[in-house]
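Listed below are the residues making up each chain.
Protein chains: 2
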Amino acid sequence: MNAEVIHTPALLPLYTLKDKVVVVIDILRATTTMCVAFETGVNKILPVASPEECLMFKDFDFIIAAERNAVKVEGFDMGNSPFEYENPFLAGKSIAFTTTNGTKAIKKSKAMNPHSILIGSFLNISALCERIVKSEKDLVLLCSGWKDKYNLEDTLFAGAVLDKLKEYYQMPDDAALSAWCLFKQHEQDLESLVRASSHAHRFTLLHLQTDDVKFCLQQDIMKVVPEMQGEYLVNLTPQQAKSFS
Amino acid sequence: MNAEVIHTPALLPLYTLKDKVVVVIDILRATTTMCVAFETGVNKILPVASPEECLMFKDFDFIIAAERNAVKVEGFDMGNSPFEYENPFLAGKSIAFTTTNGTKAIKKSKAMNPHSILIGSFLNISALCERIVKSEKDLVLLCSGWKDKYNLEDTLFAGAVLDKLKEYYQMPDDAALSAWCLFKQHEQDLESLVRASSHAHRFTLLHLQTDDVKFCLQQDIMKVVPEMQGEYLVNLTPQQAKSFS
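Protein chains in written order, with this note's numbering: chain G, 20 to 264; chain B, 20 to 264.
Hints may be right or wrong, so weigh each one.
Because identical chains share one entry, a pair is satisfied inside a single copy or across any pair of copies.
[What the hints assert, rightly or not] Straight-line Cα separation of at most 20 Å, SDA-like style, residue types lysine to any residue; simulated pairs:
| hint | residue 1 | residue 2 |
| --- | --- | --- |
| 1 | LYS166 | MET190 |
| 2 | LYS233 | GLU206 |
| 3 | LYS166 | ALA215 |
| 4 | LYS168 | MET190 |
What the hints contain is simulated information worked out from the structure, not anything from laboratory work.
Could you put together the complete structure from these sequences and hints?
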């Protein structure tokens with residue numbers, strides 16, 4: 020089977036997703052936060068394109084969450100820090116969610132009719148890889164980037180997934196090979212590289228009270244694999260699969 | 020001063036080139052071949068968008084050169100292998116040139132009104148870096164890629180330029196930092212990485228008679244720095260500059 024890496028959603032039109040498994044990656048922080056939400060027991064997440072659209076779902080018993088430019092949008096229940104989603108109050112709830120990059124990548128790939136869309140983060144990397152291998156489908160690792168530009172942390176994660184899957188997947192394209200090289204170069208110290216990234220600098224400038232970078236680089240602390248079913252992200256029951264942890 | 024890397028021309032709309040020096044990079048092989056042509060003594064090169072347009076210049080005393088999908092287009096005088104351009108017959112001649120990726124990247128960046136457009140290859144890397152530093156302008160390293168997708172060899176070269184310029188330029192964007200990481204990881208053996216690239220595989224499948232990969236990775240064998248002047252690439256006389264070799 021083949022694995023491709025797409026560095027940013029802006030390059031999606033160059034690819035076909037038909038009959039492939041797409042993993043959407045937004046390490047800092049949307050896809051990490053989604054994993055945390057499902058681990059906490061959230062029922063479903065509706066990815067939406069804009070804060071305006073998101074706001075409408077307030078009337079339909081959704082928790083509404085919106086982030087733009089790394090900060091919570093005023094008037095919303097929640098932002099995009101994973102720490103917010105550890106709150107047990109969220110168990111059983113439904114969330115309408117919009118972020119600068121991650122939810123946009125989900126919406127764009129959904130429009131291209133892939134076999135399935137999974138949510139990836141370091142938190143669930145081994146469970147994710149088990150699910151991918153079980154699919155027996157070609158794989159696309161879609162980095163959400165920052166406003167359609169390349170980012171380091173998403174590419175690094177794509178490389179980490181490829182490293183775990185190297186017995187099962189070939190890397191015929193240069194973007195995949197490059198992502199894998201980046202991971203191998205930094206696998207002993209992912210944090211230093213990610214702290215040098217432009218998005219980590221953005222956090223520093225915003226004086227965030229929580230250390231979201233460190234949190235988002237924890238590996239294999241949960242087994243959830245959020246997956247699109249219709250318009251919603253849900254957490255399907257994991258089935259027996261090969262172990263990657 | 021700041022240095023940015025753009026992985027493919029498809030991402031150009033996300034950037035501004037105004038008042039910046041743009042280096043167009045197509046290591047395998049257009050920008051390497053252009054350097055060889057000027058070293059041979061070619062007078063000027065006209066980058067054109069299509070073989071059809073290129074053909075018109077046959078009537079105006081141009082040598083016409085066209086490559087698509089790594090092979091010479093039928094009916095043209097020349098293709099895109101650097102070895103073809105070492106022919107002394109070309110001294111003083113003008114060439115109309117169209118290639119799959121490189122000439123497209125030049126045309127696209129020209130339309131965005133940069134301060135200047137320079138042509139980069141490993142063959143002229145130190146002379147190129149001298150010219151960049153003398154400009155005292157922000158820098159954009161534009162990888163031509165392959166049909167708008169990311170490629171390894173152009174990114175590797177962008178990283179090599181950044182490494183030479185690191186005392187003069189900052190790398191505020193993740194694409195630049197990633198290119199520099201790729202170069203540092205492979206600087207002792209660029210050839211192995213480039214031979215693993217998809218474009219080198221394309222050459223192998225075509226059973227090319229010359230070893231273009233090895234040729235294109237030679238460093239600092241010439242001092243020419245082709246530059247856009249109006250519609251043409253020309254080789255300006257180098258002025259005194261810092262030494263990077």
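Going through the numbered hints above, which ones does this structure break? Give me the numbers in ascending order.
none
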